[in-house]
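Build out the structure end to end from the sequences listed, making use of the hints.
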Amino acid sequence: MMKQYNLHLFTGLCSLSLLLSTGCSDDSTSDDGVIDESGDTSTDDDVGTTTDTDTDTDTDDDVGTTDTDGTDTDTGSTEETDSGTEETDTGTEETDTGSTAICGDMVIEDGEECEGEDFNGLTCADVGFMDGDLACADDCMFDYSGCNETVCGDGMQAGFEACDLEDFGDVSCESLGYTGGTLTCAEDCSAYDEAECFIADCGNGEIEGDEQCDGDVGELTCVDAGYGSGELGCNEDCTFNVELCDPCGNGVIDEGELCDGEALGDATCESEGFESGDLACNETCDAFVTDACVEGDGWWGYDFESGDMSAEWVLSGNADWYASTTSPNNGTYTGENGDIGNSQTSTMAVTLDFTQDGDVTFWYRVSTEVNYDYLRFYIDGTLQNEWSGVVAWSEISYPITTGQHTLTWTYYKDISVSSNSDTVWVDDITTEGGVLP
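For any residue, its number in my numbering is found by taking its place in the sequence shown, counting from 1, and adding 30.
A hint or two may mislead.
What the hints assert, rightly or not - Pairwise CB distance ranges, derived in the manner of DEER restraints:
#, residue 1, residue 2, range
1, L274, T209, 24 to 30 Å
2, E249, T381, 35 to 41 Å
3, D163, G210, 37 to 43 Å
4, I445, E300, 43 to 49 Å
5, L206, G233, 19 to 25 Å
To be clear, the hints were calculated from the coordinates, so they are not data collected in a lab. We put the beta carbon where it would ideally sit given N, CA and C, even for glycine.
If you want it as structure tokens, here you go:
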């Protein structure tokens with residue numbers, strides 16, 4: 031606009047000059063406003079007026095402005111850019127609202143450790159102390175005054191201590207992935223040393239971790255493996271080989287044992303037909319020893335463990351009963367009928383004096399022709415019961431009155447056919463009130 035104004039002013043002056051002279055373009059103006067005869071055109075520095083008649087105009091297509099004297103003047107783009115910048119800044123101010131934590135509103139916010147009784151789930155131990163009562167200060171920061179300091183060397187792992195002497199908390203060589211070993215604790219309780227931990231290697235000759243043995247069992251015996259005696263070996267997987275070990279003697283009643291050392295089950299001298307005393311187990315764990323049991327008035331019993339039929343027995347029939355080792359009810363021996371044929375019998379009997387009303391109890395087993403070949407029990411010649419077929423070991427009792435009575439067991443076979451084992455057994459006979467005459 032200024033350049034256009036100067037142009038109009040220059041045009042006006044020229045018009046005025048035309049009125050005063052013969053032509054404007056042939057004359058020049060001096061510093062004092064006098065026309066220069068030479069025809070040169072110059073600029074008066076004092077006045078600052080431009081007399082350059084170069085009026086080329088350049089149109090800037092980008093911004094739509096006019097360039098005078100070949101100089102581009104950008105008059106809109108800067109304003110638009112500045113305006114855009116101001117709009118961006120304004121948007122930033124609108125989104126960056128922020129918030130300030132308010133201590134006391136019972137909500138733990140940024141910059142706060144606690145609020146009232148809310149410690150964000152932490153305790154004194156969680157923040158490096160041994161124990162104590164954590165509190166919240168007025169500025170919502172932890173108050174440690176009620177916490178107790180940890181003491182390295184007191185043997186109690188607490189706070190930020192990794193360990194303390196032999197207390198490693200829940201950490202062990204095993205929890206760290208080793209087979210076994212022992213952790214050690216640093217003097218300042220800051221760390222534990224895993225140097226003594228190890229990973230077991232079966233076959234290296236060292237008993238490690240869960241290995242029971244490794245190659246040679248050394249001084250270990252079957253007793254160390256929970257058995258009574260025998261020769262202990264080591265398997266390829268570093269477990270005990272107990273094939274040559276005998277469980278008898280380990281103090282535990284194992285399968286096939288009647289007793290083992292002082293382990294007698296529920297058996298006592300009384301249950302074995304004695305009045306009192308101390309029952310024991312034999313060396314092979316298959317029979318009771320009654321030597322220390324005391325017989326009282328009215329007590330007689332027989333378990334066949336002597337291995338024979340003692341003098342009180344009266345044997346009759348076609349074959350005698352005997353002490354057999356075939357599947358006894360307890361111990362090593364049981365009473366078994368003699369080997370008889372059809373229409374034959376095998377009988378054993380004992381006569382006792384009962385000083386008071388009492389009873390007789392015994393165990394029996396049967397394997398015969400059902401309904402034809404029988405084990406029969408009599409008291410004074412009167413049949414009390416009979417069994418045939420297959421009957422597993424069973425216990426039975428019968429009352430007996432005061433006086434002398436004869437107890438009889440007979441195996442009877444009919445005229446034909448034998449089946450099953452064709453055998454009967456009696457074991458562990460006891461009485462209450464009965465004594466030998």
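Mind checking the hinted window 35 to 41 Å against the Cβ distance between E249 and T381? Cβ of E249 to Cβ of T381: about 58 Å, so the range 35 to 41 Å is violated.
Note whether the CB distance of I445 and E300 lies within 43 to 49 Å or breaks it. holds, 45 Å
37 to 43 Å as the expected CB spacing between G210 and D163, which holds or is violated: holds, 40 Å
Cβ separation of L274 and T209, checked against the hinted range 24 to 30 Å: holds, 28 Å
Distance restraint hint 19 to 25 Å, applied to the beta-carbon atoms of L206 and G233: holds, 23 Å
Hint 2 from the list above is the single one not met by this structure.
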